[in-house]
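Undergrad: Chain by chain, the residues:
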Amino acid sequence: MQNLKISGDRVLLQLNRVSKYYGQPESRILILDSISFGIKEGEFAALLGHSGSGKSTLLRIVTGLTAPSTGQVLYRNQVLKGINPHASLVFQSFALYPWFTALENVELALKVKGLPLPQRRQRALELLDMVGLDGFEDAYPRELSGGMRQKVGFARALAVEPELLCMDEPFSSLDVLSAETLRGELMELWLGRKLPTKAILMVTHNIEEAVLLADRAIVLSKNPGRVIADFPIPLSYPRERKSRGFTAIVDRIYRIITQGAPALAIPELAEEAPLPHAAIDTVTGLVERVAAGVGREDLYRLAAELQMEVDDLLPVTGAAERLGLGRVEEGDFVLSPLGLEFAAAEVLVRKELLRPTIAQDLFIQRIVQALEAAEDHSLPEELFLEALYKGFSEEEARAQLETAVDWGRYAELFTYDRDSRELYIEQG
Amino acid sequence: MQLRSILHAHRSFSTGDLMVGLGLAALLYLGIQLSTGAPDRFAGPEVNLSPAALPYYALRSLSRMAAAYLLSLSFSLVYGYVAAKNRRAQTILLPLLDILQSIPILSFMPVVVLALVSFLPRGLGVELGSILLIFTSQAWNLTFAFYHGLIIVPKEMREAASIFRLNWWLQFKALEVPFATIGLVWNSMMSWAGGWFFLMAAEQFTLGDKDFRLLGLGSYLKTAAEQGNISALIWGLGAMVAVILLLDQFVWQPILAWADKFKLQTVSASEPPRSWVLDVLSRSWLVERFHAKAIAPLGEAIDRRLVGMVNEGSSSVRRRRGSILGAISTILLIALLAAVIYGGTRAVSLMTTLGWREWLEILSGAVATWLRVLVALFLALAWTLPLGVAIGTNQRLANRVMPVVQVVASVPATALFPILLWLLINVAGGLNFASILLMLLGTQWYLLFNIIAGSMAIPQDLRYTTDNLAIQGWERWRSFTLPALFPYLITGMITATGGAWNASVVSEYVRFATKTESTLGLGSLISQATADANFALLLASTLTMVGIVVVVNRLLWRRLYNLAEERFRWD
Chain A
8 MQNLKISGDR VLLQLNRVSK YYGQPESRIL ILDSISFGIK EGEFAALLGH
58 SGSGKSTLLR IVTGLTAPST GQVLYRNQVL KGINPHASLV FQSFALYPWF
108 TALENVELAL KVKGLPLPQR RQRALELLDM VGLDGFEDAY PRELSGGMRQ
158 KVGFARALAV EPELLCMDEP FSSLDVLSAE TLRGELMELW LGRKLPTKAI
208 LMVTHNIEEA VLLADRAIVL SKNPGRVIAD FPIPLSYPRE RKSRGFTAIV
258 DRIYRIITQG APALAIPELA EEAPLPHAAI DTVTGLVERV AAGVGREDLY
308 RLAAELQMEV DDLLPVTGAA ERLGLGRVEE GDFVLSPLGL EFAAAEVLVR
358 KELLRPTIAQ DLFIQRIVQA LEAAEDHSLP EELFLEALYK GFSEEEARAQ
408 LETAVDWGRY AELFTYDRDS RELYIEQG
Chain B
378 MQLRSILHAH RSFSTGDLMV GLGLAALLYL GIQLSTGAPD RFAGPEVNLS
428 PAALPYYALR SLSRMAAAYL LSLSFSLVYG YVAAKNRRAQ TILLPLLDIL
478 QSIPILSFMP VVVLALVSFL PRGLGVELGS ILLIFTSQAW NLTFAFYHGL
528 IIVPKEMREA ASIFRLNWWL QFKALEVPFA TIGLVWNSMM SWAGGWFFLM
578 AAEQFTLGDK DFRLLGLGSY LKTAAEQGNI SALIWGLGAM VAVILLLDQF
628 VWQPILAWAD KFKLQTVSAS EPPRSWVLDV LSRSWLVERF HAKAIAPLGE
678 AIDRRLVGMV NEGSSSVRRR RGSILGAIST ILLIALLAAV IYGGTRAVSL
728 MTTLGWREWL EILSGAVATW LRVLVALFLA LAWTLPLGVA IGTNQRLANR
778 VMPVVQVVAS VPATALFPIL LWLLINVAGG LNFASILLML LGTQWYLLFN
828 IIAGSMAIPQ DLRYTTDNLA IQGWERWRSF TLPALFPYLI TGMITATGGA
878 WNASVVSEYV RFATKTESTL GLGSLISQAT ADANFALLLA STLTMVGIVV
928 VVNRLLWRRL YNLAEERFRW D
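Read top to bottom, the protein sequences are chains A and B. The first sequence runs 8 to 435 under the working numbering. The second sequence runs 378 to 948 under the working numbering.
With the rest of the complex left out, here is chain A (with noise of 0.2 Å):
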C-alpha cells in the first residue's frame, strides 16, 4: 500500500494493486499482478519487459479499453471507469483507417468533440505539419512509408490533447532508420514543449529505446508480470548511446529483465518424444514377472496371461524399454541387465536404479529445468499442458502429463498437487 501515500496535484496516474486474469474463473491465468506506480506530470515512463510480461495489456488498462480483474485505477485522484478522456493512444500498428486520407483520419479524432468542419481541418493540418507531413494531407495510408504512418498516428493521437501519451510499441514496426528519426523528432516535439501532452507512458522491449528517451524505467517480470523494478534514467538530452551512463544503465536493465525475474520457458514438451502411457507400477508388475520366468517371454503368452491384448501391453513394453530396463525382440520381451538388477532389489533401491534414466529422459528434463527456473519451484499443469497442446490433443495431452507426473514423482524429481494442480519440486 505504500504507493497510495503518493498523492497531489502533479500526480495524473496512480495504479493500486491492479491485477489481471484471463480465461474462465476455474481456469484463470494470471497475466498482471499486483501492479502499482504513478505517473507524474512531467515524466516520460518506459514500461519494459519481455513479451509475455503483459506490459501492453497494462497499458489498456490505463487508457481504458480493459478493466482491470482487482485493483483500481485512479486518474487525477478518480476511479476510472471506462474509456480514459484524457489519455490517448498510439498504436505498433498505427491502426489508421485505410479508406481515409491523412488529414480524414486526424479530423475523425477531432469530430468527436464537436468542432465544426472549418475549425477540424485548421487543427488537423496544423497537427500534420507539426509532425512533418505538410504536403501529404492528401494520401491514403498505403501510399505513405511506415515512418510516415506512424506520424498520422501520432498527429491523431495527439488531436484530442491528452494529458497522458501512451504509446503501445510505437517505432517497433519501423525500419532502423525511420525509427530513429522518428524518435528524435518525438523528442524535439516532447522537450521543446510543443505537445500538448503533460506525462508519456511507452510501451517498448527495446532496452536502448528506453534509455534514449524516457526518464523512468519500470520493468515487469515475465508471467505473470509484477513490478520488479522501477527507477529514474537521470541522464541529460541528448543522450549518447555510446556515453558511459547510458550503457551503464542499459546494462542494469538488461541484467534485471534476464536474471533478477527467472525467464520462464514454458518448455516446448510437444517436441520429444511421447511418453508411452504406462505407470512405473505397471512397468514394475511386467519386469517382475519376466524375471520370474527366464528373462525372456513370448508377448502373447504374458498378453493372455494378465487377460490383456497384446495392443494395451505394447505401451507397457515402451515404457519398460525407455527406462532401460529391457527391449521387444522378435516377439519376445528380454530384460536388459538393468531390468534383472531392478527386478531383484528391493523398493528403495529400485527407486535408486531408476532415478538416473528417468532423469535423463528429455521429456522429464524439460518439466524440472521449467520448475527449477521458476519463482518457488512450482508451476500451474495448466501451462504444461498449453505446451502438450501444441502437439497432441487434450485427452494425449492430460493422459501424457499424468504419465510423466507418474515417472517424476518416482523418481522423486518433481510432485504434483491435486488441490492448486501444480507442480513442483520439494524444497529440501
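None of these hints come from the bench; they were simulated from the model. Every residue gets a Cβ at the ideal spot worked out from N, C-alpha and C, and that includes glycine. One or more hints might be untrue.
Which stretches of chain A does chain B cover? Using the computed rule of at least three CB atoms under 8 Å from a CB of chain B, they are [unchecked claim]: (1) 82-95; (2) 107-116.
Straight line, CA to CA, 27 Å or less: simulated DSS-like cross-link-like pairs of lysine-lysine [unchecked claim]: (3) A:47 <-> A:229; (4) B:638 <-> B:532; (5) A:229 <-> A:397; (6) B:670 <-> A:120; (7) A:120 <-> B:532; (8) B:640 <-> B:550; (9) B:550 <-> B:638; (10) B:638 <-> B:670; (11) B:462 <-> B:638; (12) B:462 <-> A:88; (13) A:47 <-> A:205; (14) B:640 <-> B:462; (15) A:229 <-> B:532; (16) B:550 <-> A:120; (17) B:550 <-> B:532; (18) A:397 <-> A:201; (19) A:201 <-> A:120; (20) A:88 <-> A:47; (21) A:120 <-> A:88; (22) A:397 <-> B:532; (23) B:532 <-> A:88; (24) B:462 <-> A:120; (25) A:88 <-> B:550; (26) B:670 <-> B:550; (27) B:462 <-> B:532; (28) A:205 <-> A:120; (29) B:550 <-> B:462.
Following the hints, put chain B in place on chain A, whose structure we already have.
TA: Frame of chain A, contents of chain B only:
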C-alpha cells in the same frame, strides 16, 4: 466464403429449427387467412410487343430490382448489425438466417401474391409481391456479408475507435461499414444477378384464371412467346442482355473500382480495378460541386446531430433507457413467440384435415420433383465438368470462351422459359422436359464457374506430377481431377440444387396462351393448390418442400461440405 463459414459449424437440428419451422407455418397460415379474401378472377395488363415499348418496360423491371435491392441492403445493415452486436439476438438471428437462405423462396410466391392482392389494390399488391420476392432472394447473403465484416474488424482498429471515443454512429460510418464494403459490393453483384431470375418469374406469374403479370421485360418475353413472335423475342432478349451489360459498365464496374480503397492492404496493388465511368465522374466539375454543396454538408449535419444526441444524457439515463428497451424487446419476443405457436398449431391442425390421398399426392409429387432436380443436376455436371476443367486448365481457351460464357450466363433462366414453353408445350411430356431444362438453365452456371475456379486452383506442380506418372483417361479423373475439384463441386451443387427446387414452382404448372398445363410435382401441387384455393394442400406441400430442402441440406450437403473442408483442401 460466407457459405463456408456458416456451413462449417457441425450443427444438426435444434429447438431453434423447430421454432423457425413453426414460424414459417404460422406465416403461411397468416397468408392463407388473408388469401381467402382474394378475388376469383384477375385480369392481366396488355403487353405491347412493339420494340419501342421496351425501354419503358426495361425501366419498370429495373425499378422493381432497385427497390428490392435497396430494401435488401437496408435490411442487411440492420439485421447484420443487431446480430453482431447483441449476443442475445444473435442466438436467434443466425440460425434463422441459415434456414432462410436455404429454403426455396419461390414456393412462397403464390401465397404471398395472393395475400397481398386480397387487401391491396391490384397493381400495388402484385408490385409489392414481386419486390418482396426479389428481396427474399437478395437479402440473406448480403446480411451474412455484413455480419461477417463486422465480426472480423481488426482489434487495434476497434481500440482506436474506442480511444477516440467514436460513438456507435461514427463507428458504424467510419469503421464498420467501410470495413465491410468490399464484401457488400461483391455480394451485391451476386444478389443482383440472382434477383433477375426472381424478377422474371414474378413478372410472368399467373395462377389459373388469375393473371398476376406485371408490365416489364418478363411479361414482354412471355407474351412474345405465346404469340410465337420471333422478332419480339429477339428484341426482348436483346434488351435484357443490354440492360445487364449497361448496368455492369455504368454501375458495378465503377463501384468495384471505387471500393478498392476499402481494401485492407498496406501497399498499393500493382493493378487495381479501373472503370472509365468512375474516371469520368471523378473528374467531373458537376459531381464535385454536388458533393461539396449537398452531400458533404448533409453528412456533416447528420453526424453533428447523432454525435450530440449520444453524448448527451448521463450513464444513469442511458442505463434506464437500456432497461426499458430490454423490457420492450422481451415483451415483443414473448408476443412473437405466442403468435408463432398459435399460428403454427393452427397451421398444423389445418393440415390434419388432409386425407391419405392428398398426402400420397404430396409424396409422389416430391419424388417426381426430386428426380427432376437430380436429372437436371446430372445433365449440368455432364457438360460443365469437361468444359470447366478444359477452361480452367487452358488459359488460351479461357480467354476466348469466358467473355461469351459470362454474357450467356447473365441471362436469367426464367427469361428463356417462355421460349422453352413455346417450343415444347405441344410435345407429349413437353412440360416435363421444359421443367428440367429450366432447372438446368438456372443451375448449370453455378457449377461451371465453380469447376473453372476449382481447376484453376489445382497447384501446377501437382498437375506436372500427374502428367509425369502418365495417369490418363478415367483413372486421371478418378484419382486426380475429381478429388481436386471436390470442394468446388460441392459448393456448386449446393447452390444449384437450391435453384432447381425454386425452378420447379414456376415450371411444373404453367399457363401458356390460353392453356393451363401441369405435370406431376411438388411445385405444381403448390401452384395448383393456390389456384384452387385448397389451402390445406398448399400449406402441406409448401412446408414439405421447405422441409425436404432443409433436411437434405443438413444431412447430405453439409456433411459432404465438411468432408470437403477437412480432406480435400490445398491449404
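Undergrad: With a cut-off of 27 Å on the C-alpha distance, tell me whether residue 229 of chain A and residue 397 of chain A pass.
TA: Between residue 229 of chain A and residue 397 of chain A the Cα gap is close to 21 Å, so the pair holds against 27 Å.
Undergrad: Cut-off 8 Å, C-beta pairs, minimum 3 residues; does the coverage of the stretch 82-95 of chain A by chain B stand?
TA: holds (count 4)
Undergrad: Verify the proposed pairing of residue 670 of chain B with residue 550 of chain B, using a straight-line Cα cut of 27 Å.
TA: 20 Å, holds
Undergrad: Given the hinted pair residue 640 of chain B and residue 550 of chain B, is their Cα-Cα distance within 27 Å?
TA: Cα-Cα ~16 Å, so holds.
Undergrad: So if I understand the rule, the pair passes when the alpha-carbon distance is 27 Å or less; does residue 550 of chain B with residue 462 of chain B pass?
TA: Holds, at roughly 15 Å.
Undergrad: Count residues of the stretch 107-116 of chain A with a Cβ under 8 Å from any Cβ of chain B, then say if the count reaches three.
TA: holds (count 3)
Undergrad: Holds or violated: residue 397 of chain A with residue 201 of chain A, Cα cutoff 27 Å?
TA: Cα-Cα ~50 Å, so violated.
Undergrad: Does the structure keep residue 670 of chain B and residue 120 of chain A at a Cα separation of 27 Å or less?
TA: Satisfied, since the Cα-Cα distance of roughly 23 Å is no more than 27 Å.
Undergrad: Measure nothing beyond the straight line between the CA atoms of residue 88 of chain A and residue 550 of chain B; if it is 27 Å or shorter, mark the hint as holding.
TA: Status holds; Cα separation ~26 Å.
Undergrad: Take a quick look at whether residue 47 of chain A and residue 205 of chain A sit within 27 Å of each other, Cα to Cα.
TA: Status holds; Cα separation ~8 Å.
Undergrad: Compare the distance between the alpha carbons of residue 532 of chain B and residue 88 of chain A with 27 Å, and conclude whether the hinted pair is satisfied.
TA: OK: residue 532 of chain B and residue 88 of chain A at ~21 Å, within 27 Å.
Undergrad: CA of residue 47 of chain A to CA of residue 229 of chain A, is that 27 Å or under?
TA: Within the cut-off at roughly 26 Å; holds.
The earlier numbered hint that this structure contradicts is number 18, and it is the only one.
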